[in-house]
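Trainee: One point on numbering: in full-length UniProt numbering, the residue at position 45 of the sequence shown is 45, and numbering is uninterrupted.
Be aware that one or more of the hints could be misleading.
[To be verified] Label-pair ranges, simulated between beta-carbon atoms:
#, residue 1, residue 2, range
1, L17, M41, 52 to 62 Å
2, Q6, A27, 45 to 55 Å
3, D3, S35, 41 to 51 Å
4, N22, P2, 43 to 53 Å
5, D33, P2, 42 to 52 Å
6, D3, M37, 26 to 36 Å
7, L17, R39, 45 to 55 Å
Hint data in this document are derived by calculation from the structure and do not stem from the laboratory. Even glycine gets a Cβ: it sits at the ideal position worked out from N, Cα and C.
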Amino acid sequence: MPDSEQHELRRITHQVLVRFVNRKHYAYDVLVDYSCMTRHMSHISLPI
Numbered sequence: 001m002p003d004s005e006q007h008e009l010r011r012i013t014h015q016v017l018v019r020f021v022n023r024k025h026y027a028y029d030v031l032v033d034y035s036c037m038t039r040h041m042s043h044i045s046l047p048i
């Protein structure tokens, strides 16, 4: 495998990993926001 090809492969792998990690963090942030929101809602105690 040529050096340039290996470098390209590593670059693509890195991009995919970064995207995957970012998506994971994003999902985690949404989950935290949601739990904070529901906690605030329960403080208000809406008649359900």
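Trainee: Decide, hint by hint, whether the structure agrees.
Mentor: Verification of the supplied hints:
| no. | hint | in the structure |
| --- | --- | --- |
| 1 | L17 / M41: 52 to 62 Å | violated (36 Å) |
| 2 | Q6 / A27: 45 to 55 Å | violated (32 Å) |
| 3 | D3 / S35: 41 to 51 Å | holds (48 Å) |
| 4 | N22 / P2: 43 to 53 Å | violated (30 Å) |
| 5 | D33 / P2: 42 to 52 Å | holds (46 Å) |
| 6 | D3 / M37: 26 to 36 Å | violated (51 Å) |
| 7 | L17 / R39: 45 to 55 Å | violated (33 Å) |
Against the hints set out earlier in the document, violations occur for numbers 1, 2, 4, 6, 7.
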